[in-house]
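Sequences and hints are given; from them, build the entire structure.
Protein chains in written order, with this note's numbering: chain A, 1149 to 1299; chain B, 1149 to 1299; chain C, 1136 to 1217; chain D, 1136 to 1217.
Think of the hints as simulated: they come from the structure by calculation, not from any bench.
As the structure is a prediction and not an experimental result, all values here were calculated from the model.
Note that CB positions come from ideal geometry on N, CA and C, so glycine has one too.
Check the hints yourself; a few may be wrong.
[What the hints assert, rightly or not] Residues from chain B shown here face chain A by an in silico Cβ test under 8 Å; the list is partial:
#1 MET1180
#2 TRP1221
#3 VAL1237
Residue strings, one per chain:
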Amino acid sequence: MNKVRVQHKAFCAAQEYQAVVDDGGANGAIVMFTGRVRADGASNPVTALELEHYPGMTEQVLERLVLEARARWQITEVRLIHRVGKIAVGEDIVLVLVSSAHRQQAFSAAEFLMDKLKTTATFWKKEHRLDGSSKWVEAKTSDDAAASRWD
Amino acid sequence: MNKVRVQHKAFCAAQEYQAVVDDGGANGAIVMFTGRVRADGASNPVTALELEHYPGMTEQVLERLVLEARARWQITEVRLIHRVGKIAVGEDIVLVLVSSAHRQQAFSAAEFLMDKLKTTATFWKKEHRLDGSSKWVEAKTSDDAAASRWD
Amino acid sequence: MIRVLFFASLRERLGCDALELACSPGMCVSDAIVELESRGPQWREVFAETQCLAAANQTMVPLSHPLNDGDELALFPPVTGG
Amino acid sequence: MIRVLFFASLRERLGCDALELACSPGMCVSDAIVELESRGPQWREVFAETQCLAAANQTMVPLSHPLNDGDELALFPPVTGG
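Encoded structure:
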């Protein structure tokens, strides 16, 4: 089953994990990734990120990525949740959860989904700092490199 | 912080995850892997695995693997829990939980720990089937191949 | 008409979420951008300074992609989610 | 003396968890295995049929590894955890 969600409200990763676990033991391996708003330790630190997206297109991109992951690896359940709006430091932004009979399939699919999400899903991040300033985050070439591993 | 445990009693992956999450936002990425006893769907199905280990040596091997992961990647918290004794279908056998500032570091460290654990930690698995028969599991060459990626 | 959407820094700097553009025959995405640039110096400056990506009807397309009446064209900087 | 431990299928087939072996000068792991094989046809058969790995004092070692009085030697098949 696929479960792709783009939502404003916070999600609970542990709860999502628990829902996938109840599979009667069909899957030998579960990989969960959470990406969170990181305290950057700057003197004028990041206090929150603001996530904008392209409603409609984003969901389509994510659904296609999940289909592509399913074509490449033997995976059972996929949950992909991405928050939008303002997200405070320490809160989760994104969750990728994959179950599979085999661990390498689960790991590869989860990494693929994150790498491709970062470079192809229509989300944009703005940093808000303690002094009230804000700035759009620039795309990283390291993310492009990570995504191109799968081509 | 490292937390390496070899134990008879069941653990709760969601609870371990929750403990790692409470870091004030220091880590942008958390990767959790759980390996579980899989229902193999055979006509005479696996009902449980029995895990034997070499007390003393196993813990040392796992601690060394965590140190090696720390030397190779920038990771913050590591939890590595492996059960021994009889484990029923659907129950967790092993947990690897890694937090890091960066997602690729967390993914690589978690995969490394699992690949190396499979081939160097002194655990042995026996399958118990519905008809009461049991059989020691043989080592897989695919696990050797996975582990040798890191050499 | 073509419905044009702007996102993120592009939306903010243009001070515009969306607008309608007349669709001329044989028009492609970069023609639409030239048209938008003609709206004034601020628009010209923003497009000159932004690495601009395009999606037509919610699919990524190159700037040479032809546009048709009724299309939804989205313009935005490189994505930074996850 | 050397303390010898057996694990998994090796332990089960030998019907033995652990035993003490006299340590002769210059003895290595494979000498210890030869000594164990001399205990009877069942022991010889099991060692012939098992891909046997060794740890001396809880560190993996090759079969050529020299043994000293007081060492802990563990013999076991390839590991299968995780």
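Each hint tested on the structure:
1. MET1180: Result: holds, 4 Å to nearest chain A Cβ.
2. TRP1221: violated, 14 Å
3. VAL1237: holds, 4 Å
The structure shown violates just one earlier hint, number 2.
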